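Participant: Chains as they are written, first to last, in the working numbering: chain A, 1 to 106; chain B, 107 to 445.
Among these hints, one or two may not hold up.
[Claimed, not checked] According to the in silico footprint, chain B covers these stretches of chain A (three or more CB under 8 Å from chain B):
{"hint": "1", "stretch": "45-51"}
{"hint": "2", "stretch": "75-84"}
[Stated by the list, open to error] Listed below are the simulated EDC-like cross-link pairs for lysine to aspartate or glutamate, each with C-alpha atoms no more than 16 Å apart in a straight line:
{"hint": "3", "chain 1": "B", "residue 1": "K332", "chain 2": "A", "residue 2": "E77"}
{"hint": "4", "chain 1": "B", "residue 1": "K369", "chain 2": "A", "residue 2": "D32"}
{"hint": "5", "chain 1": "B", "residue 1": "K417", "chain 2": "B", "residue 2": "D134"}
{"hint": "6", "chain 1": "B", "residue 1": "K230", "chain 2": "A", "residue 2": "E77"}
{"hint": "7", "chain 1": "A", "residue 1": "K104", "chain 2": "B", "residue 2": "E227"}
{"hint": "8", "chain 1": "A", "residue 1": "K80", "chain 2": "B", "residue 2": "E289"}
{"hint": "9", "chain 1": "B", "residue 1": "K255", "chain 2": "B", "residue 2": "D344"}
{"hint": "10", "chain 1": "A", "residue 1": "K79", "chain 2": "B", "residue 2": "D336"}
{"hint": "11", "chain 1": "B", "residue 1": "K155", "chain 2": "A", "residue 2": "D66"}
{"hint": "12", "chain 1": "B", "residue 1": "K314", "chain 2": "A", "residue 2": "D70"}
Don't read these hints as lab results, they were simulated from the structure. As the structure is a computational prediction, the values presented were derived from the model and not from experiment. By construction, the Cβ of each residue, glycine as well, lies at the ideal position given by its N, Cα and C atoms.
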Amino acid sequence: MAKITYITQDNQNHTLDVQNGLTVMEGAVQNDIPGIDADCGGGMACATCHVYVKEEWLDKLPKKEDGEEDMLDMAFEPKKNSRLSCQLIVSDDLDGLIVNIPSKQG
Amino acid sequence: MNKTDALIIGAGPTGLFTAHQLKLIGLDCEIVDNLDKIGGQCIELYPDKPIYDIPAVPECTGEELTNNLINQLKPFDIKFHLNERVDEVKKDNNNWIVKTNNGKSFSTPNVIIAGGVGSFEPRKFAPKECEKFENKSIFYSVRDKNIFKGKTVTIFGGGDSALDWAVELSKNATVNLVHRRDEFRAAQATVDKVHELKKTGKINLFTKYQMTEVKGNEKLESIDIKHDNDEIKNIKTDYVLGFFGLIMQLGPIAKWGLNINKKTIEVDTEKFETNQKGIYAVGDICTYPGKLKLILSGFHEGALAARACFKLARPDEKYRFEFTTSSKTIKDRLGVKSD
Chain A
1 MAKITYITQD
11 NQNHTLDVQN
21 GLTVMEGAVQ
31 NDIPGIDADC
41 GGGMACATCH
51 VYVKEEWLDK
61 LPKKEDGEED
71 MLDMAFEPKK
81 NSRLSCQLIV
91 SDDLDGLIVN
101 IPSKQG
Chain B
107 MNKTDALIIG
117 AGPTGLFTAH
127 QLKLIGLDCE
137 IVDNLDKIGG
147 QCIELYPDKP
157 IYDIPAVPEC
167 TGEELTNNLI
177 NQLKPFDIKF
187 HLNERVDEVK
197 KDNNNWIVKT
207 NNGKSFSTPN
217 VIIAGGVGSF
227 EPRKFAPKEC
237 EKFENKSIFY
247 SVRDKNIFKG
257 KTVTIFGGGD
267 SALDWAVELS
277 KNATVNLVHR
287 RDEFRAAQAT
297 VDKVHELKKT
307 GKINLFTKYQ
317 MTEVKGNEKL
327 ESIDIKHDND
337 EIKNIKTDYV
347 LGFFGLIMQL
357 GPIAKWGLNI
367 NKKTIEVDTE
377 KFETNQKGIY
387 AVGDICTYPG
397 KLKLILSGFH
407 EGALAARACF
417 KLARPDEKYR
427 FEFTTSSKTI
437 KDRLGVKSD
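Chain B with its partners taken away, still in its complex shape (with noise of 0.2 Å):
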């Protein structure tokens, strides 16, 4: 079991700027986020696309801001727990018992959750008996690449992760390539290694179509795809991969007893806390009347957030509002040397 003062759902900009908050008010805090990386949507959806309205920084990219605001946590140590999709939050007198999908535990006063739309799932196959499958010969993500040895595996997808499988897979299995579309979005050199492959016959090119159905009792046997001209093909495959990005979902934050309305949770607006004493929610995924969305609403979301976690975590201190120009010990903090 981790005890920590606060524990932050979600390292997207919000939840590390409300970490750094924490850290300079003297609060520990661990980041648990169901992505691999730190960032959030700023990394996911946008690394590239440029940002303008950050307060002082003329223009930036997703991933600039994200590193900037890793940078800006440089003097302090923070925990990040990735690939944890925090999945239970239960009450035990005055701390928040938090778990995760992987097993993972926390004992905490304070639960900030800064979770943007939800955490972000692999988008699926439309066919319902596709679920049976999963995990067992349908995956959404390898995690093994050895189990496809020998094996026919039909990937569908047009970006780089299912043009760049179809090519690592194809020196040891017989790989389909399936796309709703001749063009694809992977990077030129890996489109043009696909279509040599073609040539070789090691990769067998279906475009315009789209999986209709799967067939298979125990295992899965084959499945149907359609063409953009209703023609209808059956493959044969031991393997279903599917790339088609992630999805951003609630989950299980619908469970925790929180007032949600339109898939955000409702707070007030000096704490950012919810219906439940020690929960608070800030960045996108908090709502009150007059909520932009926008990054910066998530810094100050933060900010507020973190100065009442300081009244549960040091219930028999008394906070006091300091400077980070002045304050001798926020820049002990800091590790910087006061004048």
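So here's chain A without its partners, still in its complex pose (with noise of 0.2 Å):
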């Protein structure tokens, strides 16, 4: 289990408990937090879980593989702390974790 904060568009911070195996998108559709779309359900293929990562979090997260970074060419203003929410897998190590929704998915 891990605390993770999702701060929306709106600026509202939203702390939810996300079982461990579950992804940050999964951990934010399941609780209906607005803004990430995941139009192809956690395939790496279509870029609208997109995320922003605190930055203090960026080297503890697992690498990003190519096909993640492929994709986040389409995303919408991409920047060097972006990730796919879809590939950042749930575990104790993630627990504290902080991402911002963009302004739009696309």
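Using the hints, build the complex out of the two chains.
Facilitator: This is the structure:
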């Protein structure tokens, strides 16, 4: 279990307990956090679960696979701290993770 | 005006199999899709990715699945209307009048929405002012490459479309290629070609840059691009092309008076009918208690919706359930010999 904070477009913080093994994307979708569309359902095929990870977390997260960086090319306003939340699998190590949801997914 | 027993919106796996079910029970149908090809998400998002949960098919790619479904439709004559987005669905007595963005119209008692997550639209640039120049000097696809002759074209993107056009247009135009990182995901041969053209000065390459602003009043004059290190460059350009792939948008479906719940359409589980009589929704776009977004669920939903269409298309006949293994009528429709 990890506490994950999603900061939505309207600057609201939503802190949730997300079960280990789920993805950060699933944590948002199952709890009706707005702004993560996840159109392809977690297949790394659409870039609509794009989030910005708080800087201090960047190095602590598992590295991106090639496919994720390719998909981020298509995301709306990608930055250095962009990740696809469907590729972030929740574990105890992610406890305290903070992600910002971009203003749009596409 | 095209008249048909059922109009299917969406040529993905669910739409294709629904067409098969309609033809088997003796109804005709036509299919409309906004993409330029058949296959929906399977073709657009994951043509090469293997799928492992199609019943009796241990493994197949999105492209193989699509080709097999098209093959299964071979005995039937089905009209496809590609590159057409359905914009309007209106009631006219017992029929629905359906109109597309390119002016095609249909009259049908049954509309089956098999639209996945909506229609695929190009992803656009972030700055709002880009809309002003869209289809004038900012494009997301190339219709006529001749307009770029002798002009300056700035292309954004790192995939095959962006690089293929950069190479092609560099023959007759000044080309700037802008991408958010150093690596490109296009075919290696094209990437090599771009680097070669960069050396000979045919392509100006800007990597780790993204667009921040477009400038110009009536006409596009220049754009600002920003480097990862926040440095801003102004580039004079006549045209801008953006290739960021496609995104799915519910689009006009939202305006057809259907009960929509989180970008999906509410249906019953007997006919997969929406709150509007004669409009059904099947596949990823429909929702009901227990809905699973699997291709196999779409097949089941399409089979039931097809039977429901029979009643409205043939009000004076009674639908009789038959097996393909034993029915002579069905075998005739399939063009196979009866025993």
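Participant: Could you grab the alpha-carbon distance between B:K155 and A:D66 and see if it respects the 16 Å cut-off?
Facilitator: Holds, at about 15 Å.
Participant: Taking only the CA atoms, is the gap from B:K314 to A:D70 under or equal to 16 Å?
Facilitator: holds (14 Å)
Participant: Can you take a look at whether the stretch 75-84 of chain A is actually covered by chain B? Rule is 3+ residues, C-beta closer than 8 Å.
Facilitator: holds (count 4)
Participant: Assess, step by step, whether the Cα of A:K79 is no farther than 16 Å from the Cα of B:D336, and give holds or violated.
Facilitator: holds (11 Å)
Participant: Would you check the hint for B:K332 and A:E77, treating anything up to 16 Å between C-alpha atoms as holding?
Facilitator: Holds, at about 12 Å.
Participant: Is the hinted pair B:K255 and B:D344 satisfied, with a Cα-Cα distance of at most 16 Å?
Facilitator: holds (11 Å)
Participant: Given the hinted pair A:K80 and B:E289, is their alpha-carbon gap at most 16 Å?
Facilitator: Measuring from Cα to Cα gives roughly 14 Å; hence the hint holds.
Participant: Decide if the proposed pair is consistent with the structure: B:K417 and B:D134, CA atoms, cutoff 16 Å inclusive.
Facilitator: holds (13 Å)
Participant: Between the alpha carbons of A:K104 and B:E227, is the straight-line distance 16 Å or under?
Facilitator: holds (15 Å)
Participant: With a cut-off of 16 Å on the C-alpha distance, tell me whether B:K230 and A:E77 pass.
Facilitator: Since the Cα atoms of B:K230 and A:E77 sit roughly 10 Å apart, the hinted pair holds (cutoff 16 Å).
Participant: Checking C-beta pairs, does the stretch 45-51 of chain A have three or more residues closer than 8 Å to chain B?
Facilitator: Coverage by chain B holds for the stretch 45-51 of chain A (4 residues, Cβ < 8 Å).
Participant: Going straight from one Cα to the other, do B:K369 and A:D32 come out at no more than 16 Å?
Facilitator: It holds: about 13 Å lies between the C-alpha atoms, which stays within 16 Å.
Every hint, counting from the list given before, is met by this structure.
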